[in-house]
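Participant: What follows is the residue order along each chain.
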Amino acid sequence: MNNNVIVIGGGPCGLEASAQLHKMGYNVILIEKDDHLGGHLAKWDRLFPEGIPAKELLDQLTGNINGVKYFLKTEVKSINLLDKEYNVILSNGITILAQAVLMASGFDLFPAQKKEEYGYGIYDHVITNADLENYFKTGKDCRIKQNPQRIGFVHCVGSRDEKAGNRYCSKVCCATAVKQACEVKEAFPDAQVYCFYMDLRMFGRGYEDLYLKAQRDCGVRFIRGRVSEVAEDLNKQLVVKAEDTLSGKPIKVTLDLLVLMSGMTNCSAGTRIAEMLSLKRDEDGFFTCKDTIFSLQESDKSGVFYAGACTGPKTLPDTLHEARAAALAINNYIKNKE
Amino acid sequence: MIYEGKQKIWSDYQKDIPDDHYFYVRSCIRQSFFPASEQVFLDITRNRLKKDFFETEHHTTCGGIAYHSDAIPQETAMTIIARQFALMNKYGYENYVCSCITSFGLYTETLETWREFPELEAKIKEKLWESCKLEFAKPKYLAHASDIIYKFRNQIAQQAKFKLINKKTGEPLRVVEHIGCHYAKMFPSKGFGGAEYPYVLAGMIEAWGGEVIDYPERRHCCGFGFRQYLVQSNRGYSLSNTHKKFESMEPFKPDMIITNCPGCPYFLDRWQYVISEMEGKTYGQDGHGIPVFTYEEVAGLVLGYDPWDLGLQVHQVSVEPLLDKMGIPYDPAKKYQGVNGKDLGRPELPSCPGL
Chain A
157 MNNNVIVIGG
167 GPCGLEASAQ
177 LHKMGYNVIL
187 IEKDDHLGGH
197 LAKWDRLFPE
207 GIPAKELLDQ
217 LTGNINGVKY
227 FLKTEVKSIN
237 LLDKEYNVIL
247 SNGITILAQA
257 VLMASGFDLF
267 PAQKKEEYGY
277 GIYDHVITNA
287 DLENYFKTGK
297 DCRIKQNPQR
307 IGFVHCVGSR
317 DEKAGNRYCS
327 KVCCATAVKQ
337 ACEVKEAFPD
347 AQVYCFYMDL
357 RMFGRGYEDL
367 YLKAQRDCGV
377 RFIRGRVSEV
387 AEDLNKQLVV
397 KAEDTLSGKP
407 IKVTLDLLVL
417 MSGMTNCSAG
427 TRIAEMLSLK
437 RDEDGFFTCK
447 DTIFSLQESD
457 KSGVFYAGAC
467 TGPKTLPDTL
477 HEARAAALAI
487 NNYIKNKE
Chain B
11 MIYEGKQKIW
21 SDYQKDIPDD
31 HYFYVRSCIR
41 QSFFPASEQV
51 FLDITRNRLK
61 KDFFETEHHT
71 TCGGIAYHSD
81 AIPQETAMTI
91 IARQFALMNK
101 YGYENYVCSC
111 ITSFGLYTET
121 LETWREFPEL
131 EAKIKEKLWE
141 SCKLEFAKPK
151 YLAHASDIIY
161 KFRNQIAQQA
171 KFKLINKKTG
181 EPLRVVEHIG
191 CHYAKMFPSK
201 GFGGAEYPYV
211 LAGMIEAWGG
221 EVIDYPERRH
231 CCGFGFRQYL
241 VQSNRGYSLS
251 NTHKKFESME
261 PFKPDMIITN
271 CPGCPYFLDR
281 WQYVISEMEG
291 KTYGQDGHGI
301 PVFTYEEVAG
311 LVLGYDPWDL
321 GLQVHQVSVE
331 PLLDKMGIPY
341 DPAKKYQGVN
351 GKDLGRPELP
361 SCPGL
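First to last, the protein sequences are chains A and B.
The numbering used here applies: residue 157 is where the first sequence begins, and numbers increase by one.
The numbering used here applies: residue 11 is where the second sequence begins, and numbers increase by one.
It is worth saying that the hints were derived from the structure and are not from the lab.
Warning: the hint list may mix true and false statements.
Stated by the list, open to error - Some but not every residue of chain A turned toward chain B, in silico, with C-beta under 8 Å:
no.	residue
1	Glu273
2	Tyr279
3	Asp280
4	Glu318
5	Gly381
6	Asp389
7	Leu390
8	Val395
9	Glu399
10	Asp400
11	Leu402
In this text the structure is predicted, and so the values were computed from the model without any measurement.
Each residue gets a CB set at the ideal place from its N, CA and C atoms; glycine is no exception.
For reference, chain A alone in the conformation it holds in the complex (with noise of 0.2 Å):
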């Protein structure tokens, strides 16, 4: 019997289980469809809440798979069990049979153009959580004018909204919004920061001592309300309604930046690859775990596990405490079958 494991996934969370699989001596092999290993962490500047750059932990994971077989830019063409052994057919023309397959798929962040009212790829300068990160890691976006006096935030676009068809939260906006916020004021010390929020959901340790920086040393300002519209003014300035259900009075504000918190959605390729094997996936589109407590890692079918965002939207931290367990419930898995 072989000891292959395939982890379908080069982000965080494939990078660390495959590491640690690879730790237990098994022949991880690791397949990615972008040409990069890292997935969103490789286009993330800062992680909250101490704004740690996110290169030192991609440097971190990176490092910790030598000895790790890995395919960029390549996809599965096809899956299926074969056996007690599940038969791989690699888009780059490689066909491998392994013990378990391991589904770290990630997140597609929502598409923000979706929520048409808040006019992304509309308007000159509406941007997404994921451009602004681009524009600190780069310096570089037109949409960002030379120094932006007035910038608004809008959580939870594409969470916990009927209307975009996601009731869930997706737990990590809150806390890039309020970080993103904090940097924007470092950047541009001369504007104000608005953020528009329903709850905010600082849960994790240090989350809070971030939203009273934010609040004491930046200054931002915190607005609980739901954007309703975004329109241009004839100076190309962003105008902007939403509702103040503190003071209970609709407002209108006038912004030289608007960036929208896009939340997560399961990976459309994970799931592709998933309806390969006719994985289930809860209402909300991610995968449905064998019980939502004790197995989390595993799924309904035997010999195929699961880490990460392609269960729900997770931190990092939270998706990197996954992987390891993941790479236990394989052991687990293979050595049961021995």
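Once you have looked at the hints, place chain B on chain A.
Facilitator: The following block gives chain B in isolation, referenced to the frame of chain A:
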């Protein structure tokens, strides 16, 4: 503004419209406010585009105003609608087109409700039989009349005698398009361009040479809003809504406004006079106001109809400055003459002094 972004959204919200053979129903309030618009629509579709558009004097109101004012329950409105469909069946048509936006919204709401709750459709069939001894089948296709003009906008452009272009400067006229709320805000997929960036009027403006203005309060209510006006004590809200829109569009210097709803052109037109009286402020070039048109009136102007045959003399804001810009000839002496030269009387306070 990223035009390609809008084009992407417009391409997402398209619908197929049958080419021909429609059962046409008029609007109860448009016949009072803009009586020539519906006649011009029929003339354009029948005589310019050579299409089959049938109407009968036996149809009634859809009940929309009463329904949205809580004067009649939904089932009553549905039974009225069922009777209209029965008439359509009787005359052998399957495509239904209505002049009114409120009707379009109500027909759409009714068909969607029946789709979701077939037992309600069965109940309405019983009610129609009890009350009128009629049976009905649902239309195969439901359109708003502006959908039809949108569909044939390029054919109209080919026959155009005038364009939405300032004849003196050669520049496109700057046009505000205002869509009735019930066109796509309830069911975005039922309207060309969806709810946020509707294309039905923008497409006509582009095809006929004009430039669409996207101003901050573009999506805001015209001021009608049913209860804002129908309840007399609320009329301040109606006026303040219209005022908000004009304040927002003013910096963009619009030459004209085009609408596709019965209420919108009425309120955007009439309230300009009231704002002028109350605030002493008149919008538009030279303080003559911003003329407001139905899409049929604009199609008629483009095709070379006589402005007074289009009923433009019943507008509050005088249209002559716009006609002059487009280079459309008109006889001032005939402005207030009705059929067979009948004197219609003159307004005491015309918005263009001397007209």
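Participant: Please go over all the hints and tell whether each is borne out by the structure.
Facilitator: So, going through the hints one by one against the coordinates:
A hinted interface residue such as Glu273(A) counts as satisfied when its beta carbon comes closer than 8 Å to some beta carbon of chain B; here the least separation is about 5 Å, so the hint holds. Because the closest C-beta pair between Tyr279(A) and chain B is about 7 Å apart, less than 8 Å, the hint holds. For Asp280(A), the shortest C-beta to C-beta distance to chain B is roughly 7 Å, which falls under 8 Å, so the interface hint holds. A cut of 8 Å between beta carbons decides the hint on Glu318(A): the least distance to chain B is about 15 Å, and the hint is violated.
Below 8 Å, beta-carbon pairs count as interface contacts, and Gly381(A) has none with chain B, the closest being about 18 Å; its hint is therefore violated. About 5 Å separates the beta-carbon of Asp389(A) from the nearest beta-carbon of chain B, less than 8 Å, and the hint is met. At its closest, the beta carbon of Leu390(A) sits 5 Å from a beta carbon of chain B; the interface hint therefore holds under the 8 Å criterion. Hint status for Val395(A): holds, given a least beta-carbon distance of 4 Å to chain B, under 8 Å.
Taken as an interface hint, Glu399(A) does not check out: its beta carbon lies about 15 Å from the nearest beta carbon of chain B, beyond 8 Å. For the restraint placing Asp400(A) at the interface with chain B, the shortest Cβ-Cβ distance is roughly 18 Å, beyond the 8 Å limit, so the hint is violated. With its C-beta approaching chain B no nearer than about 24 Å, Leu402(A) sits outside the 8 Å limit, and its interface hint is violated.
Of the numbered hints stated above, those contradicted by the structure are hints 4, 5, 9, 10 and 11, listed in ascending order.
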